[in-house]
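Line order of the protein sequences matches chains A and U.
Residues 0 to 404, numbered by numbering that gives the first Met the number 0, are exactly what the first sequence covers, in order.
Residues 0 to 483, numbered by numbering that gives the first Met the number 0, are exactly what the second sequence covers, in order.
If you're looking for bench data, these hints aren't it; they were derived computationally from the structure.
Note that the Cβ used here is the ideal one computed from N, Cα and C, for glycine as well.
Any given hint could be a false lead.
Looking from chain A toward chain U, a few residues come up when the C-beta cut is under 10 Å (computed) [unchecked claim]:
id: 1; residue: Thr227
id: 2; residue: Arg228
id: 3; residue: Pro314
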Amino acid sequence: MLPADLLIQRYQGEEVIPKRLPCSADNLAIAAELIALFRAATGGTRADLQAQLQVLEGEETDYRMKRGLAHLLESAFSTFEMRSLIDPVMLRQRVFALSAQSVPGPQSSATTVAAVAETLSRELEQDVSPEQIRAWLYADLPEQQLLTSFDEPTPAALIERYNLSQAQGVLYRASHVVITAHRNDPGEYKLLFRYGKLFGLMAYIEGDADHGFTLTIDGPTSLFTPSTRYGLALAKLLPALLHVTRWSLTATLVPRRLSPYTPSVARFRLDADCGLVTHYPPGKVHDSMLEQAFAERWSHTNTPWRLEREVDLIPIPGSVMVPDFRLVHPDGRSFLLEIVGYWRPEYLRKKFAQVRRAGRHDLILAISERLNLERAGVKTADLPARVVWFKDRVLPKAVLEVLGE
Amino acid sequence: MARSPTLSFDRGTLILHPPPPGKAWIDYAVWDDRVERFRIPALYYRRLVEALTAEGTTLVDSAREFSPLTLVPALEMTPYPHQREALAAWIAAGRMGVVVLPTGAGKTYLAQLAMQATRRSTLIVVPTLDLMHQWYAHLLAAFPDAPVGLLGGGSHDNTAVLVATYDSAAIYAEALGNKYALVVFDECHHLPSEFTRVIAEYSLAPYRLGLTATLERSDGKHTDLQALIGPEVYRTSAAALSGTVLAAHRIVHLTVKLSQSERQRYDALIDTRNRFLQDHGIRLGSLTGWQAFVKASARSRAGRSAMLAHREARAIAFGTAGKLRVLADLLAQHAGARTLVFTDDNAMVYRVSREFLLPAITHKTAVKERHDILQRFRTGEYPVIVTSRVLNEGVDVPEASVAVVLSGTGSQREYVQRLGRILRRGEGKLAVLYEVIAEATSEEQLSRRRRPSTAVKPYRQLDLLESELLAAEGGEETCYQPTC
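Can you build the whole structure from these sequences, using the hints too?
Below, the structure is given as structure tokens:
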């Protein structure tokens with residue numbers, strides 16, 4: 000992501016439009032040049048790297064774009080490390096204590112550094128030069144750290160990352176976002192909610208699997224006053240949203256008042272066709288082998304019931320349940336199927352509590368006979384769901400039986 | 000059997016469930032559909048609990064995680080009358096409120112008294128790493144047996160007494176909110192900004208103390224402090240406290256000439272810049288002129304080179320080698336004297352530190368190393384330290400008798416606060432402040448602007464210094480010619 004001073008955006012009425020770099024030959028050349036510079040700077044200090052970047056920036060007016068690309072290379076693709084044989088804090092203590100014995104000045108500095116180099120050579124039993132002492136003195140400063148590895152992106156990938164970061168940057172000023180998730184199969188919602196929870200966000204969910212959902216996303220205190228407190232978390236959520244199949248997003252923004260022409264409220268819109276590319280790894284297609292095997296067997300079963308994956312959302316106070324499957328009959332009947340395989344007791348307790356709070360009557364639970372539910376403190380007798388017990392595999396036949404087929 | 004109403008803490012808010020009988024709580028609560036519970040801003044914790052108690056409701060309070068704390072002071076002084084009065088006023092106001100005291104009036108000790116009187120886990124929020132160091136050092140001395148820790152400046156402690164920067168406390172506001180019963184906001188005029196106000200909003204601390212020398216903010220947001228901390232409970236002016244120990248001091252202005260080559264380069268750069276400014280009808284010297292220059296410089300290649308020229312010229316004027324020669328001379332003249340060297344930017348600090356092998360403090364220095372350096376400065380092991388602007392706001396650096404300002408910005412406040420650094424201490428000591436500037440560069444004008452004029456009244460908190468400064472205005476002016 001980019002710091003606020005490298006964001007480039009313009010207003011179209013109340014709409015904010017972030018900078019978008021086309022993958023033109025010119026832009027690809029600039030990206031390639033920066034990547035080559037980083038490659039060549041590997042092994043050197045951050046200060047050297049920055050000096051070279053400054054030269055490359057030159058006197059062109061597009062320096063903020065270049066600076067943004069360089070920032071991404073530095074923060075997302077590079078590793079910097081400190082190189083010094085001795086802890087710089089300790090070294091400074093020794094050097095400054097010795098230096099305080101004489102009147103400070105260039106000549107006495109040379110004597111001090113030479114004396115410390117000599118003592119350290121003896122202590123470490125290896126040659127330490129005065130130049131090394133001077134280099135290590137502030138080796139822990141960020142600009143003295145060495146670029147030790149560079150995980151090189153392609154020029155096109157760098158530009159994609161830049162465009163994503165500019166869009167994320169708009170969300171820094173967001174008070175909340177409303178995501179319309181159209182009817183999706185597969186929905187790929189689990190990843191979105193997992194990240195949302197990780198970043199401390201909350202969702203208000205309306206809708207159903209046939210028509211799609213409206214998710215209003217903000218944080219705990221948004222209830223009282225809208226603020227940009229959760230803007231950064233919303234920005235970090237965007238790459239997860241890009242994994243969802245069909246959606247549109249509207250963010251309500253509180254712009255910084257830069258000039259009298261800046262509107263007091265602004266909006267940002269984005270949808271699944273935006274062309275932005277996520278760098279978050281995709282969620283696993285199926286959470287377990289059990290689910291995957293079941294979906295496969297279903298595809299070979301002769302039945303009018305159609306199997307959809309992760310299409311429904313069941314709001315539960317403070318959380319959301321995303322059932323693994325949904326079964327739809329052409330006559331309009333539908334059921335939700337959740338497979339409960341091998342899990343830890345806490346997970347089981349939570350899952351069954353969720354099922355109870357969901358208040359749905361169209362739930363089918365496929366539960367492994369191998370689970371010791373008694374010991375996990377879970378009673379299945381009063382569950383508001385139909386239960387299919389299974390040994391090693393969930394058979395479509397058993398599920399169809401519960402459906403009354 | 001109905002469960003008792005339970006209050007719990009959720010990321011800067013309170014959740015009250017099941018809803019209690021009575022009506023007192025309804026004013027504070029908002030129904031939250033997302034969790035199907037009533038949610039209440041953490042800031043209202045005290046009022047809510049008081050209202051419920053008044054109605055006789057039994058409440059299970061699992062929200063607060065703060066605890067009583069034994070605070071045995073190892074450092075006790077007789078409080079000044081104004082400290083005693085301020086403490087009494089704060090306690091009388093229910094331990095919520097703002098105290099306005101001038102810089103140097105002992106607000107750290109007042110906070111110590113407030114902690115002793117409250118004896119609960121305490122969070123102290125400060126605007127700079129240097130103030131963080133100062134509070135840390137004081138609390139270690141005051142309560143050697145109490146767990147004192149730091150949040151920010153390279154540390155992330157989790158202790159019953161915690162000193163945090165505004166930035167770090169704001170970042171972790173959700174997690175800190177229910178851990179501290181007392182929150183002390185140092186320089187509390189910083190609190191109402193959009194980013195930092197959550198420290199107060201997401202906290203359920205029933206006791207809050209705000210300390211400041213300059214309450215008023217230009218954006219008028221200081222009125223929010225009433226809701227975030229409490230009312231102003233006590234105020235005293237510098238004039239009312241005059242008679243406090245101040246060392247006499249003199250100011251020496253040293254002018255350094257640029258070397259021949261530096262001069263030529265400087266003139267060429269300024270020429271480049273001025274031609275651009277003339278072509279575009281821009282006049283620097285006012286804020287709007289400067290903004291016009293910044294805008295114009297982003298629009299064309301010529302503008303960009305003019306801006307780069309301006310920056311390089313500034314660097315020549317600020318960082319001239321001649322200044323370092325003067326510094327070497329001054330350090331030799333005052334060998335052994337406790338000396339502070341100030342520069343305007345970090346690059347210069349580290350340059351001086353490397354060339355003269357002097358300990359440096361910048362905002363990048365970890366607080367624990369900073370503490371160690373200042374400790375050694377105090378004992379005399381390090382007679383000289385070099386620092387950038389970070390030592391600016393109200394930090395006690397004891398026993399410095401010489402200050403050398405190698406460059407500075409045009410801010411009057413900063414200049415005088417730097418002066419205050421050496422003026423504030425030592426009885427009857429003659430402090431010297433050297434200001435080393437380059438001759439006939441734009442920087443000289445900065446220096447002129449920095450000296451307070453008699454017409455402009457300096458900041459209220461500096462009333463103490465005014466008479467001294469007027470005397471210093473007539474101080475000696477030396478033109479310093481480097482010998483080499």
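Going down the list of hints, with the structure as the test:
1. Thr227: holds, 7 Å
2. Arg228: holds, 6 Å
3. Pro314: holds, 8 Å
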